[in-house]
Amino acid sequence: MKQKIKEEIYRCIFAVLAFSSLVFLVGITLTLLTQGLPLFREVSFMNFLAGTDWYPTYDPPDFGALPLIASSAFVTLGAMFVCVPLGIGSALYMNEIAGYRQKSFLKPLVEILAGIPSVIYGFFGMVAVAPLIQRIFNLPTGLTALTGSLVLGIMATPTVASLAEDALSFVPNSFREASLAVGANRWQTLVKVVMPSAGSGISTAVILGISRAIGETMTVLMVTGGSAVIPRSFFQPVRPMTSTIASEMGEAVFGQLHYNSLFALGLVLFFTTLFFNIIAEYISSRYRLKLGMGR
Amino acid sequence: MKNSNISQKAGFFILFLCMFITLFFLGVLLYFIISKGINAISWEFLTSAPSGGMTEGGVAPAIVGTIYLTFGAIVFSLPLGLACAIYLTEYTPDNLVTNILRISINNLAGVPSVVFGLFGLAVFVKYLGFGVSILSGSLTLGILILPGIISASREALTSIPQSFREASLALGATRWQTIRKIVLPASLPGILTGVILSIGRAAGETAPILFTAAVFYMKGYPNSVFSEAMALPYHIYGLMMEGTFPEKQSQIAYGCALILLLMVLLISAIAIYFRQRQRRIYNGK
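Taken in sequence, the protein lines are chains W and A.
Heads up: the first sequence begins at 38 in the numbering used here, then just goes up one per residue.
Heads up: the second sequence begins at 227 in the numbering used here, then just goes up one per residue.
These are calculated hints, taken from the structure and not from any lab test.
Cβ atoms here follow ideal geometry from the backbone N, Cα and C, with glycine treated the same way.
Be aware that one or more of the hints could be misleading.
Distance condition first, Cα-Cα at most 30 Å in a straight line; then the derived DSSO-like pairs of lysine-lysine [said to hold, decoys possible]:
1) A:Lys235 - W:Lys229
2) A:Lys228 - W:Lys229
3) A:Lys228 - W:Lys140
4) A:Lys407 - W:Lys39
5) W:Lys140 - A:Lys235
6) A:Lys352 - A:Lys445
7) A:Lys407 - W:Lys43
8) A:Lys445 - A:Lys262
9) W:Lys41 - A:Lys407
Okay, the calculated bits of chain A under chain W, using three or more residues with CB under 8 Å as the criterion [unchecked claim]:
10) 243-251
11) 326-332
12) 440-452
13) 492-499
Now the stretches of chain W that chain A is said to cover, found in silico as 3 or more residues with beta-carbon under 8 Å [stated by the list, open to error]:
14) 49-57
15) 100-114
16) 159-166
17) 220-227
18) 260-272
Make a model of the complete structure from these sequences and hints.
Encoded structure:
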């Protein structure tokens with residue numbers, strides 16, 4: 038009897054602790070809402086999202102976040118041009134062309150590289166990439182949207198490669214064997230059989246890559262220069278949402294509009310990444326069902 | 227026939243090029259930081275405090291601060307993550323509740339790190355009144371690495387063959403006894419791997435500690451969980467962005483970047499080596 042009660046107690050403890058991540062997720066949402074929404078008592082929601090002037094410390098202040106949102110989109114889009122082809126290409130190489138030996142060396146290497154802290158990429162961008170960009174394109178400063186996109190793209194490549202490789206490894210070997218057996222060569226098999234059947238898994242990898250790039254802070258904070266204007270070209274400094282939060286929180290006073298506005302930016306950021314993650318989740322669960330796997 | 231062979235060769239070459247470019251970029255990064263950072267590092271650099279208005283001296287307080295913050299994060303999130311993984315794999319069948327938990331874990335993993343920083347600032351620093359401190363920073367980092375710990379622990383637990391559990395239960399052991407005496411010991415290496423990877427992640431994160439724990443300079447070393455701390459990743463950022471003597475400071479920043487890079491690479495290399503070995507054992511390869 039005593040044993041039974043003990044068992045039940047353990048079960049309850051685990052059950053309660055298991056909900057911690059749900060609690061934190063809800064907690065983050067509530068925190069952002071309670072700290073961010075007070076902004077909209079003073080500034081209308083549309084003026085925040087569509088306003089083109091971000092001067093939070095002026096008197097009267099302007100809280101138009103469009104330049105910041107556009108900067109985030111701009112830099113992320115640029116990064117995609119780098120990390121999507123490189124990441125997927127690398128994944129295909131690792132999974133379809135490299136032999137077992139080569140793969141068991143490459144895959145861990147890519148995973149280790151995916152773990153390099155973002156501040157190091159930011160540092161590298163500042164000391165190596167920015168001067169190079171400045172010299173090549175003859176610009177007044179090397180800290181531009183292009184630099185941010187490049188560094189962010191290089192940084193996201195191992196992540197996309199690793200995720201896409203996982204998706205490819207889920208494609209059953211019988212698919213490949215069937216294709217080769219009817220006379221297709223390896224390239225035709227790869228393009229016509231493997232890629233389509235891993236398609237949704239690969240798109241999940243890309244979507245997760247996008248969501249990571251939007252939320253990335255230190256790299257863009259250090260290399261994009263930080264001027265809050267709507268970007269018109271890749272050769273000008275920009276100021277994405279993440280770097281705005283990181284650089285302005287130090288000077289924002291607790292409880293004032295500027296403080297609230299940074300949480301409102303966090304809210305935009307949070308829901309954007311949540312949206313992408315849920316899409317990725319949806320696609321990947323359908324993908325797994327399609328290939329006849331459980332969750 | 228010939229055409230298809232040519233396109234195969236071209237296609238394979240392009241993919242090889244992708245792989246090569248990826249590794250090339252990262253190789254350049256490693257080479258750059260190692261070759262320039264190695265000059266900055268000396269015994270004194272590792273063991274002394276900054277001096278001369280951040281232009282001379284070492285980075286010992288930043289190293290110590292990073293160790294404290296990382297350790298605190300693990301102490302907080304390991305029990306929580308492990309309990310969650312145990313509940314999901316050992317106690318509940320697949321149902322609506324586990325599905326909701328799984329989705330919330332995945333989404334927590336996707337939350338941008340700076341948003342964790344905002345949460346930590348509003349809840350730990352302001353609302354609970356911990357102030358800018360090691361405690362606030364550790365808790366924030368702990369929540370950040372929680373999804374990783376849960377996923378790694380779940381992978382480790384599910385890799386234990388069901389027959390282990392059945393054998394134990396058949397001998398009359400209760401569920402908890404089975405977990406404690408059979409399942410946990412067998413999955414320990416896998417769980418440790420997850421923990422080590424999380425250490426690497428927590429040590430390198432900057433955005434979550436920006437507003438919750440880190441300061442650019444402090445006198446002496448932190449002496450309680452309520453003190454502020456210097457941290458290596460934040461120190462790199464500070465030296466590059468807030469410096470008044472960019473020339474001298476970027477040398478120190480190279481040194482910091484190299485130390486952080488080596489720490490993280492070493493940690494994740496160890497973890498990934500263990501994981502490969504573990505997977506090979508269970509896959510029978």
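Problem - Hints that the structure is at odds with (numbers, increasing) - result: Of the numbered hints given earlier, those the structure breaks are 12, 15, 18, listed in rising order.
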